[in-house]
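Participant: Using the sequences provided together with the hints, build the complete structure.
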Amino acid sequence: MTDKKESAPVLVIGAGVAGIEASLLLANSGRKVYLIEKTSYIGGNVIKFEEVFPNMDCATCMIAPKQQELLANENIELLTLSQVEAVSGAAGDFSVKIKQKARYIDLVNCIGCNACFDPCPVEVDNEFEEGLNKRKAVYIPCAGALPNVPAIDTENCVRFKGQECQACQEACAFEAIDFNQQDKELELKVGAIVVATGFNMFDIGKTSQYGYKKLGGVYSAMEIERICASNGPTQGEITLRSGEAPKSVAIINCVGREEKGYCSAVCCMAALKLCHFLKNKLPDLKITQFYSDLCIPGKAYQHFYQEVKDSGVDFIRAEVTGVSESGKELAVKYKTDQGKGNTLTADMVILNPALEPGADSAKLAGMLNIPQSREGFFSEKEPDLTPVATAQDGIFIAGCAQGPKDIAETIAEAEATAGRILSRSG
Amino acid sequence: MAKRLGVYVCECGTNIADKVDVDKVLAVVKTLKDVVVADRYKLLCSGDGQEYLKQSIIENGLTHVVVAACSPKQHETTFMNVCERAGLNPYLFQLVNIREQCAWVTPDGEAATDKAIRQIRAAISRVQYHTALEKKGMECNTDVLVIGGGIAGIKASQVLAAPDRKVYLVEKTASLGGKTRRFSKLFINMESGPALIAGEIERLQQNKNIEVLTESEAEQILGFLGNFEAKVVSKTEDKEAKEQNLNVGAVVLATGFDLFDAKGLPQYGYGTLDNVFTSLDFEEMNLADGPTQGKILLKNGQPPKSAAIIHCVGRAEKGYCSKVCCLYSFKFDRMLQSQLPGAKIAHFYSDLCIPGKANQKFYEDSRESGVEFVRSTVTEIAGGDKGLTVKYETESGDKGDLAVDMVILLPAMEPSSDARKFAQMLNIPQDDKGFLAEEHQLLSPVASAVEGVFVIGCARGPQSIAESIVQAEAAAGKILSALVPGRELELEVKTSQILESFCTGCKTCIEVCPYGAITFDEDRQISVVNEVLCHGCGNCAAACPSGAARLKHFTFPQIYQELEEVLR
Numbered sequence: 001m002t003d004k005k006e007s008a009p010v011l012v013i014g015a016g017v018a019g020i021e022a023s024l025l026l027a028n029s030g031r032k033v034y035l036i037e038k039t040s041y042i043g044g045n046v047i048k049f050e051e052v053f054p055n056m057d058c059a060t061c062m063i064a065p066k067q068q069e070l071l072a073n074e075n076i077e078l079l080t081l082s083q084v085e086a087v088s089g090a091a092g093d094f095s096v097k098i099k100q101k102a103r104y105i106d107l108v109n110c111i112g113c114n115a116c117f118d119p120c121p122v123e124v125d126n127e128f129e130e131g132l133n134k135r136k137a138v139y140i141p142c143a144g145a146l147p148n149v150p151a152i153d154t155e156n157c158v159r160f161k162g163q164e165c166q167a168c169q170e171a172c173a174f175e176a177i178d179f180n181q182q183d184k185e186l187e188l189k190v191g192a193i194v195v196a197t198g199f200n201m202f203d204i205g206k207t208s209q210y211g212y213k214k215l216g217g218v219y220s221a222m223e224i225e226r227i228c229a230s231n232g233p234t235q236g237e238i239t240l241r242s243g244e245a246p247k248s249v250a251i252i253n254c255v256g257r258e259e260k261g262y263c264s265a266v267c268c269m270a271a272l273k274l275c276h277f278l279k280n281k282l283p284d285l286k287i288t289q290f291y292s293d294l295c296i297p298g299k300a301y302q303h304f305y306q307e308v309k310d311s312g313v314d315f316i317r318a319e320v321t322g323v324s325e326s327g328k329e330l331a332v333k334y335k336t337d338q339g340k341g342n343t344l345t346a347d348m349v350i351l352n353p354a355l356e357p358g359a360d361s362a363k364l365a366g367m368l369n370i371p372q373s374r375e376g377f378f379s380e381k382e383p384d385l386t387p388v389a390t391a392q393d394g395i396f397i398a399g400c401a402q403g404p405k406d407i408a409e410t411i412a413e414a415e416a417t418a419g420r421i422l423s424r425s426g
Numbered sequence: 427m428a429k430r431l432g433v434y435v436c437e438c439g440t441n442i443a444d445k446v447d448v449d450k451v452l453a454v455v456k457t458l459k460d461v462v463v464a465d466r467y468k469l470l471c472s473g474d475g476q477e478y479l480k481q482s483i484i485e486n487g488l489t490h491v492v493v494a495a496c497s498p499k500q501h502e503t504t505f506m507n508v509c510e511r512a513g514l515n516p517y518l519f520q521l522v523n524i525r526e527q528c529a530w531v532t533p534d535g536e537a538a539t540d541k542a543i544r545q546i547r548a549a550i551s552r553v554q555y556h557t558a559l560e561k562k563g564m565e566c567n568t569d570v571l572v573i574g575g576g577i578a579g580i581k582a583s584q585v586l587a588a589p590d591r592k593v594y595l596v597e598k599t600a601s602l603g604g605k606t607r608r609f610s611k612l613f614i615n616m617e618s619g620p621a622l623i624a625g626e627i628e629r630l631q632q633n634k635n636i637e638v639l640t641e642s643e644a645e646q647i648l649g650f651l652g653n654f655e656a657k658v659v660s661k662t663e664d665k666e667a668k669e670q671n672l673n674v675g676a677v678v679l680a681t682g683f684d685l686f687d688a689k690g691l692p693q694y695g696y697g698t699l700d701n702v703f704t705s706l707d708f709e710e711m712n713l714a715d716g717p718t719q720g721k722i723l724l725k726n727g728q729p730p731k732s733a734a735i736i737h738c739v740g741r742a743e744k745g746y747c748s749k750v751c752c753l754y755s756f757k758f759d760r761m762l763q764s765q766l767p768g769a770k771i772a773h774f775y776s777d778l779c780i781p782g783k784a785n786q787k788f789y790e791d792s793r794e795s796g797v798e799f800v801r802s803t804v805t806e807i808a809g810g811d812k813g814l815t816v817k818y819e820t821e822s823g824d825k826g827d828l829a830v831d832m833v834i835l836l837p838a839m840e841p842s843s844d845a846r847k848f849a850q851m852l853n854i855p856q857d858d859k860g861f862l863a864e865e866h867q868l869l870s871p872v873a874s875a876v877e878g879v880f881v882i883g884c885a886r887g888p889q890s891i892a893e894s895i896v897q898a899e900a901a902a903g904k905i906l907s908a909l910v911p912g913r914e915l916e917l918e919v920k921t922s923q924i925l926e927s928f929c930t931g932c933k934t935c936i937e938v939c940p941y942g943a944i945t946f947d948e949d950r951q952i953s954v955v956n957e958v959l960c961h962g963c964g965n966c967a968a969a970c971p972s973g974a975a976r977l978k979h980f981t982f983p984q985i986y987q988e989l990e991e992v993l994r
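Respectively, the protein sequence lines represent chains Y and U. Take the first sequence: its position 411, counted from the start at 1, is 411 in the numbering used here, and no numbers get skipped. Take the second sequence: its position 172, counted from the start at 1, is 598 in the numbering used here, and no numbers get skipped.
Worth double-checking, as some hints may not be accurate.
[Stated by the list, open to error] Stretch by stretch, here's where chain Y covers chain U in the computed footprint (C-beta under 8 Å, at least three residues):
id	region
1	769-782
2	869-878
3	955-968
By construction, these hints were calculated from the structure, which means they are not laboratory data. Note that the structure is a prediction, hence the values are computed from the model and not measured. For each residue, glycine too, the CB sits at the ideal point set by N, CA and C.
Facilitator: And the structure:
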């Protein structure tokens with residue numbers, strides 16, 4: 001191996017927990033790291049969770065020190081609003097073309113005071129909050145997002161649609177808003193690449209039997225995560241769309257499992273976490289879980305399940321065949337293993353969907369020339385022996401980009417990519 | 427030297443100045459003893475602001491600086507760096523957060539101003555008790571000791587070893603490869619375990635930077651990140667014990683697992699009934715160099731016509747799901763089917779745990795090949811003239827039984843007995859199941875609570891081979907990132923210290939230290955802080971009943987002075 005390869009910068013794609021951890025280890029060893037992230041913020045999906053299983057740690061508090069360390073690390077160049085456009089070269093000597101969208105807010109001058117939000121005349125659904133509330137065209141996704149600097153969404157900003165508006169600029173006391181910023185094309189020379197592009201949730205809209213988006217009381221698990229979040233649309237108050245607190249909840253697991261053809265590994269625990277959280281906030285809430293097989297692998301998870309079960313949550317092993325309106329409530333029709341049909345009524349239904357690869361995986365796999373599995377996740381070189389390496393020398397994968405997994409496994413994989421990249425044993 | 431204090435209030439544009447009456451703040455501050463500068467600035471963190479601050483510190487010959495601005499998370503480092511550039515020790519500085527803690531949260535302007543004044547007075551009072559602290563570095567050893575020669579230990583050694591980094595791989599048995607070497611096939615690709623291990627051992631042998639010590643055990647490990655000394659005892663060819671001391675910078679524990687002893691559950695008949703096997707017995711039976719030369723045979727030498735696979739043996743007793751048993755049970759289906767076409771196989775299980783992208787198909791293939799899955803609890807395995815009977819009860823309470831020739835039990839995995847030994851030797855905690863505990867279950871899964879000691883593979887919980895390898899590479903990543911040849915380790919500045927004259931030797935501090943940074947000096951009968959390991963958490967300082975443990979930069983005078991002014 002050449003000296004050049006051993007000291008070449010590394011490109012990390014995706015600034016979720018995996019990308020952050022890999023970047024920190026590489027940078028602390030002395031490597032230059034380019035961390036690119038397609039959104040305007042870092043922290044990925046994890047910062048959407050108020051608490052994480054099994055210890056109910058506050059997720060944002062848990063990763064904030066890592067985020068701060070990342071932002072302060074001089075070896076890490078964070079490029080938000082950026083995506084890979086093209087990749088050429090080989091291990092030790094990749095050329096990567098990056099397109100970085102303009103933020104229109106100066107990262108140095110902006111102090112994150114949020115004074116620009118109020119005067120903005122535009123209101124659109126906030127995708128970070130699963131559309132449960134609105135945001136402005138100049139926005140940060142949620143309170144506490146880092147970097148604490150807004151971005152202008154040019155698709156919705158009236159100025160970028162040709163109207164005369166500079167309301168945000170006028171409100172900024174720091175001359176941080178610059179409409180003249182341009183999208184940039186960058187060419188990075190790197191020796192290795194870490195792909196940490198994470199996951200999406202299975203699109204529940206593809207199912208019809210659960211009444212998602214049709215029945216007011218039906219929610220996706222991610223919507224509930226945001227409703228539980230103290231920095232979310234309801235400031236953590238658990239309410240139905242009517243504004244009332246739910247009295248009974250049915251959680252339906254494995255939504256999309258059959259369509260995807262695999263178990264998503266974390267959903268059972270995520271559902272148990274929601275039970276724990278909801279019971280804490282609303283002790284009289286009646287919760288019923290519909291499930292087929294309980295997947296709670298590893299040393300610490302069964303204890304958590306037992307605790308939730310003992311708190312009074314009902315578990316029904318059954319297939320849910322449909323959710324419909326029943327007066328003011330929802331009727332959950334189900335069929336047990338023995339083929340017995342039954343109905344349960346609840347005023348809130350939570351659908352717990354499968355995890356699937358990030359939306360741009362196929363495009364990225366093509367550019368990087370690395371194979372995807374049947375399920376669309378990036379493939380390991382050899383599933384047993386080289387779990388974070390890919391078929392391309394110098395390109396590594398970590399976290400849910402490789403397959404559904406929990407935070408601990410994701411972090412371990414991120415650290416493993418650093419191990420492989422920093423290794424000089426060939 | 428006379429004290430010369432500078433106090434700077436940042437307006438943060440309008441963020442602070444709109445709520446806090448900065449003129450009033452400065453008027454009060456200017457009257458305080460030893461304050462030689464009190465000034466305001468529009469945006470002190472800006473380039474111009476930092477330059478102004480630097481010049482002002484130099485021109486006024488300041489000995490201590492207080493900045494009232496935003497959260498220390500945002501700009502403490504910024505202003506400490508300015509102090510350093512101005513030639514002032516950065517620890518003779520105190521930041522007051524009058525933005526998040528006053529301007530942004532206190533609705534009333536007068537109240538916010540009053541609060542800001544109190545906090546700034548407190549900082550002025552505190553900063554005078556600060557002492558200059560210096561950053562320290564330490565030369566470190568970058569070699570690594572890996573304990574356990576299974577797949578995790580082997581892979582960690584391979585990734586770590588380099589011309590400037592020697593790895594000692596210590597294995598207590600005579601051969602490397604651990605449990606993997608005894609698995610004739612591995613899920614889900616049905617590769618050969620012995621072949622995989624043979625390939626890895628060959629790679630180890632080619633690597634001159636790895637020294638393999640078989641029939642060897644670490645008897646004592648002392649030290650800390652960058653500087654451990656391990657006493658390793660090896661059996662020599664003439665069965666003598668040879669002792670050597672190894673100096674390393676990090677230790678990786680890969681001590682693996684054992685199976686739950688199925689004899690503890692007599693209802694399954696293990697050890698009393700013929701033809702009841704554990705999964706490891708069955709693996710042995712399938713090895714070409716095993717007791718049956720790789721043939722699946724009953725005690726009478728005949729091949730079985732039917733087999734029952736019992737899941738979750740000992741799960742209730744252990745209190746956790748062992749994660750990999752369901753997956754290797756489908757591997758057993760294939761092993762049985764390929765040797766014994768037409769053999770009837772039935773699984774008795776409660777919940778299938780097959781997480782991950784590729785595993786469901788592995789299960790479905792088993793199911794579609796005719797293997798039966800009975801969701802039930804097995805209440806008893808009974809023996810008889812014609813073979814074994816599996817008695818079970820389904821979830822709905824139906825009882826049934828099935829006659830089979832062979833029963834394979836899938837016992838839970840538990841930590842190997844070495845886990846306790848090394849937990850005690852290295853002072854790292856075990857969880858309630860006996861596995862070696864992580865520094866943080868989610869965020870730091872392969873580090874232990876003792877810096878420089880890492881825990882990988884089944885020593886920290888049930889894992890698949892792929893997961894064990896991920897963790898091996900992860901530990902390597904952490905070590906390669908922290909211990910770089912030729913680079914000094916940067917040590918925490920705000921460490922704890924224990925004053926000899928105050929220490930009564932009660933050892934309370936040792937109990938509360940989460941980093942194993944405090945040891946007891948038997949000669950002097952006092953506790954001693956190892957500054958290399960201390961993270962400055964302050965537990966010892968809070969717990970010490972005699973006031974001997976003190977945290978630099980958070981001393982009692984500093985804290986009391988601050989509190990007194992806030993409460994004045």
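Participant: Now look at each hint and say whether the structure bears it out.
Facilitator: Structure-based check of each hint:
no.: 1; hint: 769-782; verdict: holds (count 6)
no.: 2; hint: 869-878; verdict: holds (count 4)
no.: 3; hint: 955-968; verdict: violated (count 0)
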